[in-house]
Amino acid sequence: MDKKRNMLLTAVCVVVLFGAACFAQFELDSYIRRIINLCLIYAIIGLSMNLTNGFAGQFSLGQAGFMAVGAYVVGIFTVPVELRENVFYAVPMNPLIADIEMPLWLALLVGGLLSALIAFLIGTPVLRLRGDYLAIATLGFSEIIRIIITNAQSFTNGALGIKDIPALNDVRYIYIATAVTFLFITALINSSYGRAFKAIREDEIAAEAMGINLFRHKCLAFMLSAFFAGIGGGLYGALLGTVDPKNFLFTLTYNFLLIIVLGGMGSITGSMLGAVIVTAGLEFLRIFDEPMALFGMDIPLFRPGFRMVIFSILLMVCVLFWRKGIMGTSEFTWDKFITFCKNPVKYCLGKGAK
Amino acid sequence: MSTILKTDRITMRFGGVTAVNELKLDIREHQIVALIGPNGAGKTTAFNMITGVYTPTSGDVMYTLPSGEAIKITGKRPSDIAKMGIARTFQNIRLFKDLSVYENVMIAKHLHLQSGFMSAALHLPWYNKEQKAMEQDVKELLQKVDLWDVREEKASSLPYGQQRRLEIVRALATGPRVLLLDEPAAGMNPKETEELTEFIRRIRDEYDLTIFMIEHHMDLVMEISDWIYVLDFGMEIAQGTPEEIQNNSRVIEAYLGVEEDA
Amino acid sequence: MDFFSEFFQAITNMSATSLAQHVVNGVSLGSLYALIAIGYTMVYGILLMINFAHGDIVMMACYFAFFGITVFHIPWYFTFIGVIIATALLGAVIERTAYRPLRDAPKNSVLISAIGASFLLENLANYLFSGRPLRFPDIPLLSSNIEVGDVQIQAICIVIPIMTFLSLWLLLHIVNHTKIGMAMRAVSKDYEIARVMGINIDRVISITFIIGSALAAIGAFMWGVRYPGITPMLGVMPGLKCFIAAVIGGIGNIKGAVIGGFILGLGEVFIVAFFPQLSGYRDAFAFIVLIIILFYKPTGLLGEKTTEKV
Chain A
1 MDKKRNMLLT
11 AVCVVVLFGA
21 ACFAQFELDS
31 YIRRIINLCL
41 IYAIIGLSMN
51 LTNGFAGQFS
61 LGQAGFMAVG
71 AYVVGIFTVP
81 VELRENVFYA
91 VPMNPLIADI
101 EMPLWLALLV
111 GGLLSALIAF
121 LIGTPVLRLR
131 GDYLAIATLG
141 FSEIIRIIIT
151 NAQSFTNGAL
161 GIKDIPALND
171 VRYIYIATAV
181 TFLFITALIN
191 SSYGRAFKAI
201 REDEIAAEAM
211 GINLFRHKCL
221 AFMLSAFFAG
231 IGGGLYGALL
241 GTVDPKNFLF
251 TLTYNFLLII
261 VLGGMGSITG
271 SMLGAVIVTA
281 GLEFLRIFDE
291 PMALFGMDIP
301 LFRPGFRMVI
311 FSILLMVCVL
321 FWRKGIMGTS
331 EFTWDKFITF
341 CKNPVKYCLG
351 KGAK
Chain B
1 MSTILKTDRI
11 TMRFGGVTAV
21 NELKLDIREH
31 QIVALIGPNG
41 AGKTTAFNMI
51 TGVYTPTSGD
61 VMYTLPSGEA
71 IKITGKRPSD
81 IAKMGIARTF
91 QNIRLFKDLS
101 VYENVMIAKH
111 LHLQSGFMSA
121 ALHLPWYNKE
131 QKAMEQDVKE
141 LLQKVDLWDV
151 REEKASSLPY
161 GQQRRLEIVR
171 ALATGPRVLL
181 LDEPAAGMNP
191 KETEELTEFI
201 RRIRDEYDLT
211 IFMIEHHMDL
221 VMEISDWIYV
231 LDFGMEIAQG
241 TPEEIQNNSR
251 VIEAYLGVEE
261 DA
Chain C
1 MDFFSEFFQA
11 ITNMSATSLA
21 QHVVNGVSLG
31 SLYALIAIGY
41 TMVYGILLMI
51 NFAHGDIVMM
61 ACYFAFFGIT
71 VFHIPWYFTF
81 IGVIIATALL
91 GAVIERTAYR
101 PLRDAPKNSV
111 LISAIGASFL
121 LENLANYLFS
131 GRPLRFPDIP
141 LLSSNIEVGD
151 VQIQAICIVI
161 PIMTFLSLWL
171 LLHIVNHTKI
181 GMAMRAVSKD
191 YEIARVMGIN
201 IDRVISITFI
211 IGSALAAIGA
221 FMWGVRYPGI
231 TPMLGVMPGL
241 KCFIAAVIGG
251 IGNIKGAVIG
261 GFILGLGEVF
271 IVAFFPQLSG
281 YRDAFAFIVL
291 IIILFYKPTG
301 LLGEKTTEKV
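The listed protein sequences correspond, in order, to chains A, B and C. Counted from 1, the first sequence has number 229 at position 229 by our numbering; the numbering is strictly sequential. Counted from 1, the second sequence has number 135 at position 135 by our numbering; the numbering is strictly sequential. Counted from 1, the third sequence has number 18 at position 18 by our numbering; the numbering is strictly sequential.
No lab work stands behind these hints: they were computed from the structure. Any given hint might turn out to be false.
To be verified - Result set (DSSO-like, lysine-lysine): computed pairs, CA atoms no more than 27 Å apart in a straight line:
#1 K346(A) - K154(B)
#2 K3(A) - K76(B)
#3 K154(B) - K324(A)
#4 K139(B) - K4(A)
#5 K132(B) - K3(A)
#6 K336(A) - K97(B)
#7 K76(B) - K336(A)
#8 K4(A) - K336(A)
#9 K76(B) - K179(C)
The task is simple: from the sequences and hints, build the whole structure.
Printed below as a string of structure tokens:
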């Protein structure tokens with residue numbers, strides 16, 4: 001009974017938010033829409049990162065690399081064939097791919113699948129080993145991806161980047177992608193596979209003794225994570241309208257790290273919340289990069305670069321003093337929400353007592 | 001009674017140290033067999049070799065399938081061995097601490113899941129059917145062992161005795177034919193030990209298990225075991241029924257030597 | 001097939017002079033990697049954590065040297081000593097603020113903190129010193145060319161290996177023959193037992209960071225002379241590569257880190273020398289070696305096999 005009610009509530013929520021997305025699309029200006037879209041895309045990638053780092057407990061730092069794969073597949077295949085000569089003006093596009101054009105959704109899918117394949121190739125040697133090597137290997141890989149992209153000029157236009165990607169600043173489209181990702185990952189985490197991931201996070205030796213094939217499950221989590229990061233990257237490329245190797249520096253991954261740390265490693269709703277706070281926060285922090293005068297006095301600290309200093313301090317503070325983040329490993333659930341609505345005071349007191 | 005689990009002169013060396021030396025075990029179906037010996041005798045190492053955590057330096061572990069066919073399981077992955085029907089607990093309780101009691105036991109059901117991750121994520125009908133069956137099994141199991149009321153509690157918040165019991169229940173949930181218990185009574189008082197003795201007997205009969213356990217509580221071992229192996233410095237020094245072991249001079253010697261240290 | 005024919009062509013075309021040149025370049029790069037890799041391996045040996053900030057410590061040391069010589073006009077040899085002290089302090093401060101509070105926290109939290117520290121240093125450098133590349137001060141004595149036969153060698157290329165081996169010798173002496181070295185070895189063998197035996201763990205860890213950072217400072221100074229562009233991101237790639245060098249040699253093993261450093265340094269230089277068309281991929285070399293090593297010998301060349309206690 002409760003289960004049915006909760007599913008219904010979730011469905012209603014998804015539909016209402018879609019209405020909100022339509023409203024945003026028609027009524028808000030393009031700058032605000034862009035920020036909303038960025039929030040949604042960051043939520044997809046934050047979720048994907050949480051899948052490996054928060055649920056399966058495997059510390060991966062490859063998100064920027066997987067995003068680059070997705071973004072470049074979108075970049076390469078959605079630029080209209082007739083415009084390609086203009087884009088690839090330095091070195092003509094490789095004839096193998098020069099005539100292939102795809103609709104965005106197909107390119108997104110291809111990008112996601114390619115990311116997953118690459119994740120499989122890296123994961124095979126690395127996931128068998130101690131967890132922290134994965135961090136280095138994935139970080140290194142995401143740099144290698146950039147190196148390859150910069151060098152494979154006839155495919156990627158090298159350091160010049162790809163311009164003229166049909167721009168997608170459509171809240172509805174990106175909202176649907178985010179909602180599908182959210183629902184899929186939630187359902188997976190609540191299935192037997194999700195429990196297996198958590199078991200691996202808690203204790204690998206015990207998980208293996210319970211018949212969970214460590215490598216298979218780690219690889220599955222890693223590949224799914226790469227898949228969604230690829231999709232997110234593709235949307236990111238389409239949102240920007242241009243892709244460039246410099247967009248995908250490994251420091252981009254740190255944004256998502258902050259999202260999942262802030263939201264709570266191992267909480268899906270936490271990642272959603274984290275994505276909104278971090279994206280909006282990063283936009284807001286832009287004021288710190290501009291010189292600012294207060295009562296006629298220049299505030300000396302405010303100049304380019306200050307925003308990122310604050311950002312990195314936030315990350316440090318979060319992990320040093322607030323390790324669980326907003327949600328810890330718990331989730332927003334309708335049950336809790338309803339109990340809360342019925343009697344907010346009692347709910348909070350009960351939580352405090354616990 | 002036929003043999004279900006056998007080791008053929010398994011040896012484990014770590015660098016220069018021989019932890020277990022040419023150990024031969026023969027465990028018969030439906031029996032409760034105990035492995036005893038002073039600390040550092042290599043008992044847990046033997047367990048680890050049987051369950052695939054270590055690959056023996058030499059020797060083989062043989063397991064008899066329900067069909068009666070005996071196969072070599074040496075060097076197989078722990079997860080594959082668990083799937084074949086050998087489950088275990090750990091000396092220093094290894095529960096999934098931050099997960100609930102219910103989740104701990106549900107995880108143990110994952111190994112028999114047929115559906116792939118896509119059908120699980122999309123909650124396709126055949127997955128839902130499997131999930132329902134798992135839930136039903138776990139509910140019955142937890143009710144039977146008096147853990148149903150605490151199913152929502154975090155595993156680490158249970159009292160020590162219940163944690164030990166939960167670990168056994170979790171191993172049971174994998175649907176084993178052989179259950180390996182590593183010091184199940186460690187840290188328990190006499191009353192808890194007595195309850196545990198009853199519990200082990202009960203699950204053996206109810207689930208038609210073969211039980212192989214490491215234990216230091218001699219009361220428990222002598223009362224419950226059908227057969228006992230005694231290990232010292234990685235070698236078997238005696239085996240026999242509880243009466244035979246109690247009167248074996250080499251065993252007494254090995255244990256007195258330990259008592260002096262303690 | 002193309003590759004091989006080009007490879008042989010490259011070898012046959014290569015004169016003894018240019019081969020000698022490549023060897024010298026490879027040895028000096030390898031020595032620099034080795035010096036930095038030691039810091040990674042020592043910290044990992046004791047704390048089982050990747051000190052992500054180590055590469056950025058190298059970067060900060062380069063800026064210290066720039067300020068000492070170019071801005072404050074302190075003679076380079078005094079600056080050199082000053083840089084070592086300042087960098088060692090920086091290492092100790094990072095350990096104290098970013099790692100010590102998390103000593104009993106889950107491993108992933110420590111890793112995140114390390115990443116945070118690294119990111120903070122990069123952003124601070126970007127903010128304080130601007131993102132524009134600065135030029136490492138020119139030290140004529142070190143940067144001038146010496147002619148050995150037909151081969152032109154920069155003086156620093158000879159100084160680097162010598163300094164590296166002097167530092168290594170001193171370090172091994174400290175680790176193997178002093179009381180604090182014994183404590184370090186004890187802590188890296190078994191953290192808990194060492195603590196119970198009354199070793200002051202915090203002190204040992206601080207000293208480990210100080211030594212590692214001092215070596216990084218020596219490396220950074222010579223790095224700056226050899227490759228004079230300083231940017232806030234300078235330490236990232238060398239940092240990653242040096243960690244890989246430590247893994248290749250067997251993490252926790254000082255000699256292993258040195259061997260790993262040389263493998264990477266020589267390998268990189270030779271790849272570019274033999275396959276000029278691959279020079280764009282030189283940074284990828286280390287990661288490919290890492291994947292291969294992890295596949296065939298996960299414990300590294302000199303690493304001990306460890307078994308987790310169950």
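Task: Distance restraint between K336(A) and K97(B), which requires alpha-carbon spacing of 27 Å or less - done: 23 Å, holds
Open item on the list: For K346(A) and K154(B), compute the direct alpha-carbon distance and say whether it is at most 27 Å.
Closed with: Answer holds: K346(A) to K154(B) is near 23 Å, not above 27 Å.
Open item on the list: What's the verdict on K3(A) and K76(B), does the C-alpha distance respect the 27 Å limit or exceed it?
Closed with: Violated: K3(A) and K76(B) sit about 41 Å apart, past 27 Å.
Task: Straight-line alpha-carbon gap K76(B) to K336(A), limit 27 Å - done: Violated - the C-alpha atoms of K336(A) and K76(B) are around 45 Å apart, more than 27 Å.
Open item on the list: Run the distance test for K154(B) versus K324(A): straight-line Cα separation, threshold 27 Å.
Closed with: Within the cut-off at roughly 17 Å; holds.
Open item on the list: Holds or violated: K132(B) and K3(A), Cα atoms, limit 27 Å.
Closed with: 14 Å, holds
Open item on the list: What's the verdict on K76(B) and K179(C), does the C-alpha distance respect the 27 Å limit or exceed it?
Closed with: Status violated; Cα separation ~45 Å.
- [ ] Decide if the proposed pair is consistent with the structure: K4(A) and K336(A), CA atoms, cutoff 27 Å inclusive.
- [x] 16 Å, holds
Task: 27 Å Cα cutoff - pair K139(B), K4(A) - done: 21 Å, holds
In terms of the numbered hints stated before, the structure departs from hints 2, 7 and 9, listed from lowest to highest.
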